[in-house]
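Chemist: Take a look at the letters that make up each chain.
Number of protein chains: 2
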Amino acid sequence: MKFLDIGEVVAQFGLSASTLRYYEEIGVIRSVARHGLRRQYEPQVLTQLSLISAGKAAGFSLEEIGAMFGPQGEPQLSREAMHNKAEELEAQIRRLSALARTVRHAAECQAENQLQCPKFRRLLRLATRREQHNRQSRKTTRAS
Amino acid sequence: MKFLDIGEVVAQFGLSASTLRYYEEIGVIRSVARHGLRRQYEPQVLTQLSLISAGKAAGFSLEEIGAMFGPQGEPQLSREAMHNKAEELEAQIRRLSALARTVRHAAECQAENQLQCPKFRRLLRLATRREQHNRQSRKTTRAS
DNA sequence: CTGCCACTTCAAGTTAACTTGAGGTCAAGC
DNA sequence: GCTTGACCTCAAGTTAACTTGAAGTGGCAG
Numbered sequence: 091m092k093f094l095d096i097g098e099v100v101a102q103f104g105l106s107a108s109t110l111r112y113y114e115e116i117g118v119i120r121s122v123a124r125h126g127l128r129r130q131y132e133p134q135v136l137t138q139l140s141l142i143s144a145g146k147a148a149g150f151s152l153e154e155i156g157a158m159f160g161p162q163g164e165p166q167l168s169r170e171a172m173h174n175k176a177e178e179l180e181a182q183i184r185r186l187s188a189l190a191r192t193v194r195h196a197a198e199c200q201a202e203n204q205l206q207c208p209k210f211r212r213l214l215r216l217a218t219r220r221e222q223h224n225r226q227s228r229k230t231t232r233a234s
Numbered sequence: 091m092k093f094l095d096i097g098e099v100v101a102q103f104g105l106s107a108s109t110l111r112y113y114e115e116i117g118v119i120r121s122v123a124r125h126g127l128r129r130q131y132e133p134q135v136l137t138q139l140s141l142i143s144a145g146k147a148a149g150f151s152l153e154e155i156g157a158m159f160g161p162q163g164e165p166q167l168s169r170e171a172m173h174n175k176a177e178e179l180e181a182q183i184r185r186l187s188a189l190a191r192t193v194r195h196a197a198e199c200q201a202e203n204q205l206q207c208p209k210f211r212r213l214l215r216l217a218t219r220r221e222q223h224n225r226q227s228r229k230t231t232r233a234s
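Note that the protein sequences, when read in sequence, are chains A and B.
Residue numbers for the first sequence follow the working numbering, so the first one is 91 and each next one is one higher.
Residue numbers for the second sequence follow the working numbering, so the first one is 91 and each next one is one higher.
Derived from the structure by calculation, the hints contain no laboratory data.
Mixed in with the good hints there might be a few duds.
Intra- or inter-copy, both count: the list cannot distinguish identical chains.
To be verified - With a straight-line Cα cutoff of 35 Å, these simulated DSBU-like cross-link-like pairs (lysine-lysine) come out:
| # | residue 1 | residue 2 |
| --- | --- | --- |
| 1 | Lys92 | Lys209 |
| 2 | Lys146 | Lys209 |
| 3 | Lys92 | Lys146 |
Generate the whole structure from the sequences, applying the supplied hints.
Modeler: So, in structure tokens, the structure goes:
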């Protein structure tokens, strides 16, 4: 088994070394050994970092993401939990799609002020509907 | 013209009063008058808050969002800028869709450890591709 | 006219997600 | 065997986005 030095992970994935150490400190990734002082990572960690980065882009906090992995770094979610996550993602996608349509319309709309355009307002209402239950209301600490 | 008290905005939109004051302080919304000490908002502000909340859900910072409004609170983006925003949103949507598909697959996949499943890894690579140019690399301050 | 209470300001605190800096370690190449 | 440089630790700093708390103000119901 060939392990990866932190520098190799940095080179291959593009996050800074301090970020990787931070991720390890809060438990979202782990190193499997030391070479002298130096952390050694399994090549798997690159896949895991992809997962983390995708999760972050989807609006999950590192804490939430960390909870999705088992002690050995394997994704550990029940089928039901995963279906739930997929639901959340799809809801988020619907909202973003509505927003994208809204922005497209605004770009083409003739009204000099978009807030006056009824179609814009209707689209906007759609884009914002049912947002209460997502990142916004949880903890109210930052949202997104 | 009927103006809204901060409490009415809170009641109708669901953000806290301190958040509204904060938004005003950093310039993403504005109040148009005072009644005694009390801020008075135009009803328009509700639409604007929808826009802000949608933008946040899409991963824009309040600073970026603030830059999308003119001094009177009207959305002020060139057609080109709006098309660009729409592109960004659609790229984000594609990534989220790939992620959602990945999660769905993981939920149904028979492999006991998803990281071993080749389809999962391929989906994951798709979900993460070309992510460099988004929120991640800007300022590196928080990402997501 | 009095009191209440929904607002106000301003300073300081909080949380997540990192970064920075100072000072230390150690394997590998010369 | 010495130096070098890539790593290490630990504490403290930073930024965005808010929240909290203390102390004050003023319209309006009674």
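Chemist: Determine for every hint whether it applies to the structure shown.
Modeler: Right, here's what the structure says about each hint:
1. Lys92 to Lys209: Classified as between; 24 Å across copies, 58 Å inside a copy.
2. Lys146 to Lys209: Both. Shortest intra-copy (32 Å) and inter-copy (21 Å) distances satisfy the 35 Å Cα cut-off.
3. Lys92 to Lys146: within (28 Å within a copy, 42 Å between copies)
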